[in-house]
Amino acid sequence: MTSIDDPTLPCPICGRPATTEALAESRWAAPAVLARLAGQHPHWRQADGACPACVQQALLVTLLHDGDAALHRGVQQVWPLDAEAAFGALPTPLRLHADPRFLGRGITIAMIDTGFYPHPDLVRPANRIRAWVDATADPPQALEFGPEDTPTWPGWEASAERQWHGTMTAVTAAGNGFLSRGLYRGLAAEAGVVLLQVRDDGPNRDEPIVRALDWLLEHGPRLGVHVANLSLGGHPVDPNRANPIDAAVARLVAQGVVVTAAAGNDGLRALVPPATAPEALTVGGLDDQNLFDHEALRLWHGNFGEGRNGAPKPELVAPSIWVAAPLLPGTEIAREAAALFERRGQRQVEARLAQLKLITPHYQHVDGTSFAAPLVASAAACLLEANGALSPAAVREILARTAASIPGVPVERQGAGALEAGRAVAAALEYRTHGRRFQERQPGRGPRFLYLHDHDARQVRVLGSWNGWRIEGSDMRQVEPGLWAFPVDRLPAGCYQYKFLLDERLWLADPRNPLKVPDQLGGFNSQLEI
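Under our numbering, the sequence shown has 264 at position 264, and the numbering climbs by one with no breaks.
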């Protein structure tokens, strides 16, 4: 926490005002990031410090350039990673080509897991934890909180392993990246959350999961719950008996809640509830190799099989490795991380950082379908912010229609393919305008127009490489309320890059176009092939 007495100074690189505490955060940057800063600014010294914006831009450029090269040399074949490749994990919104205009505002996500901690990424600067529920108890015990509250509950400071898992899944979906100055945020960084704690290590572990789902059925509408995620499993399915978890999922979806569930990590043809529920969006694992090239997509070793209705599962896959997640404050690994980053640059320290998968003093990269499912849940929250009229079936359809198929992988293992968050939001906006007349147009395949849906913008321009990125750009025409268009069919054949500029303030890569290339500024341009 920054003291009110912490003086504000200009950043030695960009001149933006920053506190001395913020300027000092550059000390934990990777050597390659510091080298890039020094190379771009010859008079800068590490002791001068740098504001988070400058450090993050250098980090992202390094990740997109040097990190790619290191991974292409095959270091990912060795685990843990060689320290040479320990540049860190790319932020989730960048990896999923998310639309930064939508952050899950007005949506509440229910997280059902083994335990939770009121992490700063959920409670600062304003509390977004709407309720904490202990569904292990019968009946469930619940505490509700407001935006100005500091939420606590029995055992919240226990630093127990069961809290680690739930905290990471919740922050993966809805964290705002408070401890990373916004860098490692989830897709739904402004959504509310309801945390439902269940213990799944007893002989009757199905019962608390059912209690949690039924508690949501009764109280979720009042708390604005539109999405629920389960990153844990129940008992194996008995084909001769109805499963109570699957039935509870069906009741919740019938009430209008999108339910996502992790497929499991063993790589077996076997699923357990709630992943077996026909109404749940079961999410398998994807290894995108911390890259952006669709040709680099690989299936992760998630479970697969059939739902209770015999339909194949999973329906979708999402990153389940290289996912940025928080350390649990107060634990031994959190204390070690703080000490290690104070000594960054030493070979043994770098090796230990890689071994622990640490990417900042407060975050590490994790793996498992437990983290893939919250990514889909957070994408669903963004879709519902973009179009609140979507039913769970429509959300499911949009996510499937916009997914990227993984070449050479059987459908039964990947479902519709890899989550594409930006394209899904664009489709949700098209549903808002055109309903079920939605037609997917892919700018990378010789389009006549570039399109953008934005119901709030007063002016949209497109700037591109076809005219040398001339600053005046070209105005897009509003062809109907909320739909902007720009003709490209008269451009000569070739490969171009472009970006939208909304109201002279927001630069936006095309959310509908999955073809993106680094812009050398820590972001992306969209790519157009004519």
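Misleading hints may appear alongside valid ones.
Per label pair, the in silico range of CB-to-CB distance [said to hold, decoys possible]: (1) N204 with T152: 51 to 61 Å; (2) Q141 with Q40: 20 to 30 Å; (3) A400 with R298: 42 to 52 Å.
Only pairs whose alpha carbons sit at most 35 Å apart, straight line, appear in this in silico DSBU-like list of lysine-lysine [stated by the list, open to error]: (4) K516 with K499; (5) K357 with K499; (6) K516 with K357.
Think of the hints as simulated: they come from the structure by calculation, not from any bench.
All of these numbers come straight from a predicted model, not from anything done at the bench.
All residues carry an ideal CB built from backbone N, CA and C; glycine is no exception.
Structure-based check of each hint:
| no. | hint | in the structure |
| --- | --- | --- |
| 1 | N204 with T152: 51 to 61 Å | violated, 28 Å |
| 2 | Q141 with Q40: 20 to 30 Å | violated, 54 Å |
| 3 | A400 with R298: 42 to 52 Å | violated, 20 Å |
| 4 | K516 with K499 | holds, 10 Å |
| 5 | K357 with K499 | holds, 34 Å |
| 6 | K516 with K357 | holds, 27 Å |
When each numbered hint is compared with the structure, violations occur for hints 1, 2, 3.
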